[in-house]
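Asker: This is what each chain is made of:
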Amino acid sequence: MVNYSKQVLKNGLEVYCVPDNTTGLAAFNLLYKVGARDEDSEKTGFAHLFEHLMFAGSENIPAYDEVTQKMGAENNAFTSNDITNYYLTFPYTNLETAFWLESDRMLGLNINEKSLEVQRNVVIEEFKQRYLNQPYGDAWLKFRPVAYQKHPYNWSTIGKNIKHIEDATLEDVTSFFNKYYTPNNAILVVSGNVEAHNVFDLAEKWFGDIPKGIEIERNYPIEPVHNEYRKLTIEAEVPANQLTLGFKMDDRLGSGYLSADLLSNVLSLGKSSRFYQNLVLEKKLFSSVDAYILGSIDPGLLVITGQLSENINIDDAEKAVFDELEAVIETPVDNLEFEKLLNQIEAQHVFGETNCLHVAMNLAFYAMLGKPELINTELNDYNTLTANDLQREAKRIFKRSNCTSLHYMALNTTKND
Amino acid sequence: MINRKTPPPITVPDKISFDRAEKQLLENGLELFSIEAGLHDVLGIDFIWKTGTVDCTNQMVAKTAFKMLTEGTSTKKSSEISSIFDFYGAYTQSFSGTNFSGISLYCLSKYVSELLSLVFECIQQPIFPEKELSTYIQNKVQKIRLEEEKVGYLTRKHFYAKTYGENSVFGYTQKTEDVKSITTSEVKAFYEDHIKSSPFFVLVTGKDTKLAIDLFKKYDYKVSENHKETTEIATTNSSIFTEFMDKKGAIQNGIRLGKPTVGAKHPDYHLLTIANTVLGGYFGSRLMANIREDKGYTYGIFSTIRPLTPHESIWFIGTEVGSDVSDAAVAEIKKEIKILSEEPVSLEELTLVKNYLIGSFLSKVDGAFALADRFKELHHLELEYSFYDDYIETIKAVTPEILTPIFAKYFNVDSFSTLVVGSK
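Here the protein sequences come in this chain order: A and B.
So the first sequence is numbered by my numbering: it starts at 1 and just counts up by one.
So the second sequence is numbered by my numbering: it starts at 1001 and just counts up by one.
Since the hints were derived computationally from the structure, they do not count as laboratory data.
Quick list of in silico lysine-lysine cross-link-like pairs, DSS-like style, CA-CA up to 27 Å:
hint, chain 1, residue 1, chain 2, residue 2
1, A, Lys163, B, Lys1424
2, B, Lys1210, B, Lys1023
3, A, Lys231, B, Lys1143
4, B, Lys1077, A, Lys283
5, A, Lys283, B, Lys1175
6, A, Lys283, B, Lys1131
7, B, Lys1050, B, Lys1217
8, A, Lys319, A, Lys231
9, B, Lys1396, B, Lys1376
10, A, Lys271, B, Lys1180
11, A, Lys150, A, Lys399
12, A, Lys163, B, Lys1295
13, B, Lys1131, A, Lys271
14, A, Lys399, A, Lys231
15, A, Lys114, B, Lys1335
16, A, Lys142, B, Lys1143
17, B, Lys1150, A, Lys142
18, B, Lys1228, B, Lys1188
The following residues of chain B were derived to be distant from chain A, with all beta-carbon distances above 12 Å:
hint, residue
19, Ile1233
20, His1380
21, Ala1408
Ideal Cβ positions, reconstructed from N, Cα and C, are used throughout, including at glycine.
Whole structure, please, built from the sequences with the hints as guidance.
Answerer: Structure below.
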């Protein structure tokens, strides 16, 4: 159970506090409601590039990282297709310093040509390190545009290509900041060894005078109904063939979302899962195969991806996966398997609560959805599902006509050592 | 308007107190450590043996033996075992190093009784079935092939191999041919000699540790006289080298610089840790400030000290940079090291590093599982908790004048190895 309290400042900043006096740390999580889906399709990768620039100094604090280090903090940030999330953990006595730092970044940045130039280069190296210089690193760069045709989920957070990053200008940076980095577009969660009244006072003191920004209209292009089997084949020098299937599923608050999550667990969570038992151990088609959901806010994907064993035909492997999906559609999971699913969810939930930063991040995300209470009630929502709900959802999403398939083929399949 | 120019005061804790493991010797002879910590109903339980790669001819055998403990017992098939762990939302993890190996169970406290009895069975009666072993081998080989396509992995592998010799305990990295040659009889023999009736100890961490401790009291713990003692790790031979390795088509080069250095028992070790942090151990380090934040050559660069035995560690700097700036990056790294061994760091920079280290230590002792990790680290390196007390005291007392000779002594640019993997 996460006991949180909430206040909203006049400028629209939502502030949450989750005290836990058993730790010597405090966690400070500031979520901005902006991600890759908010980018212009001709200027992709921008939300993530901007995340880098947020560390380049602000109006009154030229060296952000110097302060975080001085206060004994560990800090980082990530950008997803939906959000940009900044976080710090530090000795709880330095809580006010975190407020000072983060409110100053929201108030105004201090970006110049030099810092932009350097961060462009860093991001380009990140692009190379994570997406180009790794086997299968570009799979998602190529998969997204096939799986999504209209919705901006059709590009990755790193961007469509390096050129978009190279072309980013100071003017782009400034207008992006002014639009999205505003109190009414942010959610703050403070957890750990803190007291709620102190957190709310500090929030008012440091964030209270930051002017409200414009209300952002969010009209993302709606993805047309997926009604055809789409297939993409890539050939590259990789050690083994890889199969990836994506099935369109409900949005984060959609009625089928939790069922789809449990379905992905039926398929691949743990060694007793169907994929591991049947496709890896029994039929030896894959050396590893996973199913997971992307967890995106807008309608997302249930993804199945696996590395094929040697000398296995990829069409046979894909057929075997569809046979497993067919089994879930045909027969509801039995009581024992269903109880396992709920126990697994409960364990994940309890383990997740052991870390104050993890709690802060989760609460911020639920708050962004407009339903902070889900942090406590969602476990119960899982418990009210039935095997029939799962079967119905399986029927709805595990259709060939709802599938995007990527065959990532090894050029050099005769390699022997 | 508030004054944003003046920062709020910063304090760092003067003393760091945290829960330490309590030791008990059970009547059955089992040595058990426990840390009762945390608000949540979870437990982590580690079974730890003093054995590992040092006790095998084929170094992959130890890892495989521990991994395969949960793959079938005299009464349960592999799938039945995983069904039970999964049913309760629990998971196990095996680990295997040079002479510190074992298996861990993570579960909700309320299910510990059902789960622990299963782990007992897995370590007392495993059968290492052929089918599961062959699947493990096949999949492991594929994973290694995947890793070997990555520049970062290759750089790490060759750095160890070149430093210590590719078949020595510290120079060895998993090889596909060794994995393929593993036989059931080798794995069984390792189990019989080093796990089955060999002494181990247990660490129980989390909430309601008593539930687990009571189960261990009833455990049929037997140590046979026939078990083999772990092999003493011989003094290592190491070499210093400079090498370039070609990796076709690489668009980034992997870089490693470093050399063997003193172990955690050495009086300079804590100072070395602090010096390493200044150089490349945190986001604001000299290397990050120059190679990433000033030049933009890389997404990241780090410097680390990895303990191997109580008396030996290896220090290295690692990064991946655009192939066209590879030489420039190596030159800049050397330049930064040279500056640190000649010019004392400012008091301001050192204060920042001290605070960072204390804050980061606080995270390292936050929560039940972090506390377990600290205990395991101490045990592995044959240290007492006073090691951490000394560490905090050393951080508080260090001055720029104390640190400069440490750079000169341990990071001398003329005496370390350089490896670049990629394209010219």
